[in-house]
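Undergrad: Here is what each chain is made of, one letter per residue.
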Amino acid sequence: MSSTIESPRAAAPRRKGANWEKWGWIYMRVSGVLLVVLIFGHLFTNLMVGDGISAIDFGFVGGKLSQPFWQWWDVAMLWLALIHGANGMRTLVNDYVRSETARKVLNGALFAVAAVLIILGTLVVFTFDPCPAGASADLLPSFCGAA
Amino acid sequence: MADHVAEAPVPTIESFTVTLIIRRFDPEVDEEPRWVDYDVEMYATDRILDALHKIKWEVDGSLTFRRSCAHGICGSDAMRINGRNRLACKTLIKDLDISQPIYVEAIKGLPLEKDLVVDMEPFFESYRQIQPFLQASSKPEKERIQSVAERERFDDTTKCILCAACTSSCPVFWTDGQYFGPAAIVNAHRFIFDSRDEAANVRLDILNDKEGVWRCRTTFNCTEACPRGIQVTQAIAEVKQAMIRGKV
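Protein chains in written order, with this note's numbering: chain A, 1 to 147; chain B, 1 to 248.
Mixed in with the good hints there might be a few duds.
Said to hold, decoys possible - The calculated DSBU-like cross-link candidates involving lysine-lysine, where the alpha carbons are at most 35 angstroms apart (straight line), are:
| hint | chain 1 | residue 1 | chain 2 | residue 2 |
| --- | --- | --- | --- | --- |
| 1 | A | 22 | B | 114 |
| 2 | B | 94 | A | 22 |
| 3 | A | 22 | B | 210 |
| 4 | B | 56 | B | 94 |
| 5 | B | 114 | B | 159 |
Keep in mind that the hints were calculated from the coordinates and are not lab data. Every value quoted in this text rests on a predicted model; they were computed, and no experiment measured them.
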């Protein structure tokens with residue numbers, strides 16, 4: 001009579017559904033590299049080029065935010081950094097919050113905060129008016145007078 | 001001349017009084033673990049395990065710890081010595097600062113049973129989950145041939161003795177114990193990169209889990225703790241790379 005040896009491993013129950021952890025991990029690496037370039041580029045143009053930090057005023061910021069190049073630069077920084085930060089916080093929540101309910105609430109709050117900030121920030125960057133009516137001309141970017 | 005040799009004083013080997021502070025816990029008596037100190041006379045070439053033996057055999061027979069081979073290969077006596085996970089049988093007195101007391105406690109992150117003994121079941125549970133056995137469909141005439149280069153790929157991870165020093169030094173494992181832990185990933189690596197094995201994708205799929213390799217924060221605690229010198233963090237990184245590329 002022959003006998004068979006039972007499989008040494010009974011299939012462990014695995015959670016169903018999509019698993020985004022791999023993509024989360026890749027996102028953190030890619031966005032991290034991009035953010036280093038974007039943030040140091042941002043700091044360099046704001047603080048080092050030309051008059052440096054003393055040049056920063058409403059006119060300087062308004063001037064930058066009226067150029068598509070800097071609009072997209074800032075929006076990229078905003079999206080990448082907020083998602084990067086929120087995902088990092090999500091990892092901490094998953095590490096340290098044991099109650100399933102509290103975990104869901106905190107992760108939900110993180111998602112909501114990141115979403116609201118991203119939407120608000122994107123709106124501001126693309127709808128910013130560098131030449132508000134009634135402001136004194138010496139505070140505004142140089143191109144406002146022409147309009 | 002012969003007289004002179006006979007008269008030479010026999011050199012006495014210097015011994016030291018070493019203070020060990022051990023985190024004791026008797027589940028039948030204690031509510032909480034407590035630190036107890038012991039003074040033992042030791043030689044520089046003695047190991048922490050010898051000190052524990054001395055205490056158990058000469059001072060307090062109730063001191064409980066695991067050890068089998070006592071020569072660094074069975075993986076029984078991993079413990080936290082001065083805050084670092086080490087094998088008691090491989091930690092020499094001469095390598096420690098004995099002007100200070102030496103703190104010895106059980107490894108962290110696994111349920112404490114008594115004194116230096118923990119319940120290893122959660123550790124072995126995640127080890128079993130990665131299917132740590134060769135899976136091959138063919139039956140060779142004599143042996144499964146493998147080149148030196150093919151063997152080299154997983155040579156480092158064959159050295160694991162399952163002592164749990166790495167897994168119980170991992171801060172991610174400490175948090176909720178759901179993470180597979182470095183030891184399970186090291187042993188998965190050993191088969192994933194073995195050219196004779198055919199179930200690499202199954203194991204990669206298992207470790208792609210929410211509690212799998214992506215929870216690794218590359219803190220290198222595991223590499224630092226491994227008494228066999230396995231480059232644990234590198235092995236985990238290689239498993240991640242294999243997952244991203246989708247091939248071994």
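Undergrad: For each hint, tell me whether it holds in the structure or not.
TA: Checked hints:
Restraint check: the Cα-Cα separation between residue 22 of chain A and residue 114 of chain B comes to about 39 angstroms, which exceeds 35 angstroms; the hinted pair is violated. Between residue 94 of chain B and residue 22 of chain A, the direct Cα distance comes to roughly 45 angstroms. Violation of the 35 angstroms bound is thereby established for this hinted pair. This hinted pair checks out: residue 22 of chain A and residue 210 of chain B have alpha carbons roughly 9 angstroms apart, not beyond 35 angstroms. Restraint check for residue 56 of chain B and residue 94 of chain B: the C-alpha separation of about 21 angstroms stays at or below 35 angstroms, so the hint holds.
With a C-alpha separation of about 28 angstroms, the suggested pairing of residue 114 of chain B with residue 159 of chain B holds against the 35 angstroms cut-off.
In this structure, the hints that do not hold are numbers 1 and 2, in rising order.
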